[in-house]
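2 protein chains.
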Amino acid sequence: MSVNRSWVLAHRPEGAVAATDFGFREEAFTPSDLAQGEILVRSRIFSCAPTIRTWLNPPGRSYRGAIEIGEAIRGMAAVEVIASCHPRFSVGQLVTAVAPWQDYAVLRPDEAAVPVTAIPEGMEAVDAMTLYSPNSLTAYFGLFSVGEPRPGMTVLVSGGAGSVGAMVCQMARIAGCRVVAVAGGQEKCRWLMESCGADAAIDYRSQDLPGQLKAACPKGVDIFFDNVGGDILQAAVDRMVAHGRIVLCGQISAYDSGEPAAGPRDMMKLVYGRVRMEGFVVGDYAEHYPEAMRAIRAWAASGQIRSRVDLREGFDVLPSAFTELFKGQNMGTLLVQIPDP
Amino acid sequence: MSVNRSWVLAHRPEGAVAATDFGFREEAFTPSDLAQGEILVRSRIFSCAPTIRTWLNPPGRSYRGAIEIGEAIRGMAAVEVIASCHPRFSVGQLVTAVAPWQDYAVLRPDEAAVPVTAIPEGMEAVDAMTLYSPNSLTAYFGLFSVGEPRPGMTVLVSGGAGSVGAMVCQMARIAGCRVVAVAGGQEKCRWLMESCGADAAIDYRSQDLPGQLKAACPKGVDIFFDNVGGDILQAAVDRMVAHGRIVLCGQISAYDSGEPAAGPRDMMKLVYGRVRMEGFVVGDYAEHYPEAMRAIRAWAASGQIRSRVDLREGFDVLPSAFTELFKGQNMGTLLVQIPDP
Numbered sequence: 001m002s003v004n005r006s007w008v009l010a011h012r013p014e015g016a017v018a019a020t021d022f023g024f025r026e027e028a029f030t031p032s033d034l035a036q037g038e039i040l041v042r043s044r045i046f047s048c049a050p051t052i053r054t055w056l057n058p059p060g061r062s063y064r065g066a067i068e069i070g071e072a073i074r075g076m077a078a079v080e081v082i083a084s085c086h087p088r089f090s091v092g093q094l095v096t097a098v099a100p101w102q103d104y105a106v107l108r109p110d111e112a113a114v115p116v117t118a119i120p121e122g123m124e125a126v127d128a129m130t131l132y133s134p135n136s137l138t139a140y141f142g143l144f145s146v147g148e149p150r151p152g153m154t155v156l157v158s159g160g161a162g163s164v165g166a167m168v169c170q171m172a173r174i175a176g177c178r179v180v181a182v183a184g185g186q187e188k189c190r191w192l193m194e195s196c197g198a199d200a201a202i203d204y205r206s207q208d209l210p211g212q213l214k215a216a217c218p219k220g221v222d223i224f225f226d227n228v229g230g231d232i233l234q235a236a237v238d239r240m241v242a243h244g245r246i247v248l249c250g251q252i253s254a255y256d257s258g259e260p261a262a263g264p265r266d267m268m269k270l271v272y273g274r275v276r277m278e279g280f281v282v283g284d285y286a287e288h289y290p291e292a293m294r295a296i297r298a299w300a301a302s303g304q305i306r307s308r309v310d311l312r313e314g315f316d317v318l319p320s321a322f323t324e325l326f327k328g329q330n331m332g333t334l335l336v337q338i339p340d341p
Numbered sequence: 342m343s344v345n346r347s348w349v350l351a352h353r354p355e356g357a358v359a360a361t362d363f364g365f366r367e368e369a370f371t372p373s374d375l376a377q378g379e380i381l382v383r384s385r386i387f388s389c390a391p392t393i394r395t396w397l398n399p400p401g402r403s404y405r406g407a408i409e410i411g412e413a414i415r416g417m418a419a420v421e422v423i424a425s426c427h428p429r430f431s432v433g434q435l436v437t438a439v440a441p442w443q444d445y446a447v448l449r450p451d452e453a454a455v456p457v458t459a460i461p462e463g464m465e466a467v468d469a470m471t472l473y474s475p476n477s478l479t480a481y482f483g484l485f486s487v488g489e490p491r492p493g494m495t496v497l498v499s500g501g502a503g504s505v506g507a508m509v510c511q512m513a514r515i516a517g518c519r520v521v522a523v524a525g526g527q528e529k530c531r532w533l534m535e536s537c538g539a540d541a542a543i544d545y546r547s548q549d550l551p552g553q554l555k556a557a558c559p560k561g562v563d564i565f566f567d568n569v570g571g572d573i574l575q576a577a578v579d580r581m582v583a584h585g586r587i588v589l590c591g592q593i594s595a596y597d598s599g600e601p602a603a604g605p606r607d608m609m610k611l612v613y614g615r616v617r618m619e620g621f622v623v624g625d626y627a628e629h630y631p632e633a634m635r636a637i638r639a640w641a642a643s644g645q646i647r648s649r650v651d652l653r654e655g656f657d658v659l660p661s662a663f664t665e666l667f668k669g670q671n672m673g674t675l676l677v678q679i680p681d682p
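Just so you know, the sequences run in chain order A and B.
The end of the first sequence is residue 341 by my numbering, with every number in the run present.
The end of the second sequence is residue 682 by my numbering, with every number in the run present.
If you're looking for bench data, these hints aren't it; they were derived computationally from the structure.
Where a beta carbon is used, it is the ideal one built from N, C-alpha and C, also for glycine.
One or more of the hints may lead you astray.
[Claimed, not checked] When the alpha-carbon atoms are kept at most 27 Å apart in a straight line, the in silico BS3-like pairs for lysine-lysine are as follows:
1) A/Lys269 / B/Lys668
2) A/Lys219 / A/Lys269
3) A/Lys269 / B/Lys610
[Stated by the list, open to error] Residues of chain B clear of chain A, computed beta-carbon distances all greater than 10 Å:
4) Asn345
5) Ala603
6) Arg606
7) Met609
8) Arg649
9) Gln678
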């Protein structure tokens, strides 16, 4: 018998999420018999992703069901199969899945909205959670399928230093575009220019975002990949070229505000500018994941893309690490590793 | 020698446009020599269109240049060529063009942003200003090229009783769609259902727009053709099906408000709903006008589309007719005929 720790939703955050919104539980854990199609997993690495914040809101304000009060927080994780009653999964295998923030959990891969995927032999779990994660697929399909870049275009990326954003920057560079990234702070901006192929990087905390955007995008913005919304979206709308495209991936500026993310102040700018604004969800592209993964692997192998990890350790730090996301205190994908008991 | 009357912009409206924002002028008119490429025209019919309102705003808030203070108001008109120094136009011909609100004007067809087009033999000038006007082309390209309707889809049209909107309703019906129109007042709603092929019509003045929209679009909205913006746009965003499309044609609710037209309150609805929102300008489709005109003529000949005209008379009534547009007091395309002197 061992202990199963978990982080549950203690109460819904009002405005900024705080570590105190999470509740800690410990229960005795005795493996019971699995039903057909179930696997028992032990958690190894959790990814602290902004999307989780939207699941903390009341039902109806999220895409795939809010987390109930008292229910475990869930998010992308690398987990080890320790018992299996599913033909595709065997004991000892490492898989990525949406899993509860617990030491142990029973998953039903056939019912999972996000595929439960075996981490291939020879791939590090951390790489599976970064370079080869759904974040990279999100960047890939948002940029190529919704944005449709062509060489010479200017691609603006908000949340440029985030897991999705940094990947978009590198992929847009590969596509032959001029890349302008927006991020919080000089250190992130430097990293984006030195390591992510950004031709220019703008600190969104600067006083004059519209002026900086104009200087960085003298010919206007052909594609705006928006992870952030809010003021950055407003400024970008004013800089779009005729027939420009805004790829709506997320609106992180509002996730933690208690208010919905407001759209452009002046819709006539979209009319006169013939601007297309389009939301997307990566799951819609599931049948094309293999081709995207092949491209990502090839780019990684040739050194054209890489990811940066902000790796924390310990089950205890999950809530505090998560809240740092919204203060912009992470550099790269924020992962929390759970050491062996 | 005769008199050339004109309506000029006396001062920029703040908020709702008033007839007093227009100034009346009379000048002696003596035809002078035309330069090569010029035509002298006498005005016959003016179209009072909402777009004109956007040209009354300060420079920078419009698509193709604001009208200066003291400058003549301009808009679509049917005019008669009374002198020509242009090889394509001859005296006696009726043409449609963007022309100043004057009795007489000199036009330069080769420099015109909106094509100066001869009204074909046998076509009534009123038909050229309604059924075969740029409004119908706007409806055609907005619906078919941006909206991409397929049979069985639900198409929602705001400003349904306007010149563009009523045409969109009829074309969407031809495309085999379920048509839901939004308009102001029971009389317009009745007309939309009886004569424009609407399956349902909603009075936007009703207290419960979201509830009415839900009742009229039980399976959601596949395509929203938006002429109006504001509250109707908000309500429509909440009813879009996954992968639905919002065609941004205009935002008339804001033209007269002194404020820009605000976008959706919650952009995450576009993300989660994978909604595409796209502005368009009819001029971009100029090379496809002939095919659109052929379709419109065929539909008119078979009685599948028709237009309704609210015909006023007299140069004097231009400003007051124009202001009625924004109070929803017109039924159909608002034209002002200038009688022979």
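Structure-based check of all given hints:
no. : hint                : result
1   : A/Lys269 / B/Lys668 : holds, 24 Å
2   : A/Lys219 / A/Lys269 : holds, 17 Å
3   : A/Lys269 / B/Lys610 : holds, 20 Å
4   : Asn345              : holds, 32 Å
5   : Ala603              : violated, 6 Å
6   : Arg606              : violated, 6 Å
7   : Met609              : violated, 6 Å
8   : Arg649              : holds, 25 Å
9   : Gln678              : holds, 30 Å
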